[in-house]
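Visitor: Line order of the protein sequences matches chains A and B.
Just so you know, we're using our numbering here: the first sequence kicks off at 3 and counts up by one.
Just so you know, we're using our numbering here: the second sequence kicks off at 3 and counts up by one.
Calculated from the structure, these hints are not laboratory results.
Computed from a prediction, not measured in an experiment: that's the story for all the values here.
Think of the CB as a built atom: it goes at the ideal place given N, C-alpha and C, for glycine as much as any other residue.
Misleading hints may appear alongside valid ones.
Here chain B is said to cover these stretches of chain A; the calculated rule only asks that three of the stretch's residues, wherever they fall, bring their Cβ under 8 Å from a Cβ of chain B [to be verified]:
hint, segment
1, 3–15
2, 65–78
3, 99–112
4, 118–124
5, 205–213
6, 280–294
7, 305–311
Protein chains: 2
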Amino acid sequence: MTFPWPEPGTALRDVPTPMPVIDEARLAANIARAQSYLASHGLNFRPHIKTHKLASVARQQIEAGAVGINCQKVTEAAAFAEAGFDDILITYNILGAARLAELKALNDRVALLTVCADSAETIDGYAGAFGDGKPLAVMVECDTGGGRCGATTPEAAADLAARIAAAPGLRFRGLLTYPAVGGAEAVQDYLTRTMTLLAARGIECPVRSNGGSPDLWNAHLVPAATEHRAGTYVYNDRSMVRAGECGPEDLAMHVLATVVSRPTPTRAVLDAGSKALTSDLLGFADHGEIEGLPGARIVALSEEHAVVDLGDSAGPPPAIGDQLRIVPNHTCVVSNLFDRMVFHRDGVVTRVEPLIARGTVW
Amino acid sequence: MTFPWPEPGTALRDVPTPMPVIDEARLAANIARAQSYLASHGLNFRPHIKTHKLASVARQQIEAGAVGINCQKVTEAAAFAEAGFDDILITYNILGAARLAELKALNDRVALLTVCADSAETIDGYAGAFGDGKPLAVMVECDTGGGRCGATTPEAAADLAARIAAAPGLRFRGLLTYPAVGGAEAVQDYLTRTMTLLAARGIECPVRSNGGSPDLWNAHLVPAATEHRAGTYVYNDRSMVRAGECGPEDLAMHVLATVVSRPTPTRAVLDAGSKALTSDLLGFADHGEIEGLPGARIVALSEEHAVVDLGDSAGPPPAIGDQLRIVPNHTCVVSNLFDRMVFHRDGVVTRVEPLIARGTVW
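Bound-form chain A, shown alone (with noise of 0.2 Å):
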C-alpha cells in the first residue's frame, strides 16, 4: 500500500494518526522570536537541527539570521551537506577510522566545517585524519555543569586547545559548553578563565558558543559568549512550557491521535504510543498534555497505546474515534521516529516534507 500522507489542504481532523504535525505560523514565530533576541545582544545564532531534521525548516532559520546550523552526527552533517549548508558544526567527539574518513570528505566539501573534541585521544584522531589538505576547524568541549562530555576545568580545556593550535591539519576554533544545569554565572567563569588562560599563551579563542533552548533566554548573561546554540525552541513542548521558556502559545508540535477504546468510564486508549510519543519524561509523570482535556493525565504508554485516566478530568469525555491534540514531553524524539512531517496553518495542511536525517547511525 501507498500510505496516505494527507494532501495539501487537508483539514487535520482528517489526518491519519497517529501524526505529529507542525503549525507553520508558531514555528515562523518562534524561529523569528529566538533570532531578534540573541541579535538584539549582539549573539550569532546556531540553530540545532537534531529537533526537526528537516531543510525547509534549516533554511527558514537560516534566513532569519542563522550563521550556520548545529548537527550532532556525520551523517546529519551530511545530509545537509547535500542539501546546500555550508557552515555546519557537528557537536560531538568523532571517532574511528570510518567516521574520520567521511568528516575529511564533508570538510572538503563544506565552506566551514567544524567539530569538537574534549580529549588528547580524540585530537590525535582528528590529527591523523586532517594531515594535510584542507584543515579541520576544532573546539574544545567544556564542561561547565552539565556533567555530560566536556573538559572539567579551564587549565584542561586551555592544554586542550594548545594541542589542537599545535597539531597540524587543525585549527583551534574556540571553545564549546551544553550548559544543561550550573547557570550562567558557571558558562560565563569557565569561559573567561579559559579565555585568560589562552591569551598567556598566546593562543586565539574566535568563538565561545553556549548552548540549549533551556538556557536561550538567558543566553545574554554570558556576555563572553558569541554564539548561542539551540533545538527545540523551535518547536518547543511541554518540558519547555514547564520551564517557563514558552507559552501554550508557542508550540509549534502537537501529535494528533484517535481514541480507540472507552473500556471504562474513566479510561479512554489512544492510538498514539511510545512508537509515536517516546517515553522521554523530561521530568513529568505522565507521557504529554491533551488539549482541552485539564486533568486526563496520559498514565501509560505501550508501544501503539496510550492509556489516559480522566478521573481527574474536567474535559468532555472523549468518545471512541474522536481525535486529540497532544503536547509531547519532549518533541525532538517525537520527530526521529517518523519519516515524513506534516506542516499546517490554522489547521489545513499545507505541506508533508521527508526527514532527511531520520534514523541515522553515526
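Following the hints, put chain B in place on chain A, whose structure we already have.
Guide: The following block gives chain B in isolation, referenced to the frame of chain A:
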C-alpha cells in the same frame, strides 16, 4: 554520503555505532524453543512482528511452525502481506474511513485476515465497511487484568461477540487477551466464563488467543486458550531476564556503542543515546546493561549520548574508542529506530536487512 552498512564478514568490532545487532544462533534458538514449548502443550503460536518488523525473521517463525503472524497496525499488516504472509491477525481496534478502506483491500489480498474489537462503535465501523464481499474475521478483545483495551467482563465480551455474529459482512472468530497483569488463573476464568455464555447463545468461538512474552512460559496454565501470541521473546531483553523469562545466554540483540568521552575517572560517555536505546525504562532505574562492566550504570541518556557512572564498576575501565555491548531494556522499541538490522554469527556479520514496517503511522 552512502552510509557504510557493514558487509558480510565484517567483525562486530568494525561495525559502525550506535548499532543494534542480532545473534543469528540465539535468534534461531529463541524461535525454536518457544515453538516447541507451545506445540508440546497443543497451543498454536502466532508471533508478533512488532519486535523485529523483518520479513526474514517472520519467515523463520512460520517455518518453525507458527500458524500466522500478529501485527499491531494496518500498515504493518500491509507490508507483511506484500512480503507474502497470508494469515495475519491485527490486534487493534481499527477506526476511520481511510483505515477501514485499506483494511478491506487487505482482506481481499490475504487468505485469512483477522482484527479485533472491544466496542460496539468499532464493530459497527467494520460492519459498515464490510457489508458486501469477503467477510472480515473479528475477535473480541477481553480485559483479563491488563487494564488497557478490552471488554471488562465476560458478559460484555459475549454481547460484543453476538453483535459481530449478527453483523452482515463480519464473522466472529473468537476471544483475545493481552494479560499484562492478572496471571493465568484470571485469563482462564475469563475465557471459560465467556465461552459458557457464548455456548448458551449458540455462538461458536473457535479461537481463544492469549498473549505476551512475559506470560509465554505460563501459556500451558490457560487450557481454555488455543493460541498464544508473543513478540519480545524472539530477541529477548533486559526486562525479560529480570522477569526470569530468559537467561543472559538467550539475549539475541545487543546495541553496540563506542566510548566517546572519559571526562572523569568515574564517568564514561557512549554514543548510544535515546535515539538508539529509547527512554523505555520498564521499571529499571537506568538505561540498559553494559556487558563485561558489572556495576557500571547508564544513569542518563540524551539524544546521542549515554552517561555511564563507573563508580561501582568492577570491570576494567573503558577507554575512549572502546566498543561496548549494551543489553537494552526493551528491544521492540530499539528496532523501530533503525531502518536496517545487522545480523551476526559468532561476532561476524552475516547480513543486513531493511525493516519493512518501520515508522508506519497507522
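Visitor: Against each hint, give a clear statement of whether it holds in the structure.
Guide: Now the hints, each set against the structure:
1. 3–15: Coverage by chain B holds for the segment 3–15 of chain A (3 residues, Cβ < 8 Å).
2. 65–78: Coverage by chain B holds here, the residue count being 3 at a Cβ distance below 8 Å.
3. 99–112: holds (count 5)
4. 118–124: With 4 residues closer than 8 Å to chain B, the segment 118–124 of chain A meets the three-residue bar; holds.
5. 205–213: violated (count 0)
6. 280–294: holds (count 4)
7. 305–311: Result for this restraint: holds, n = 4.
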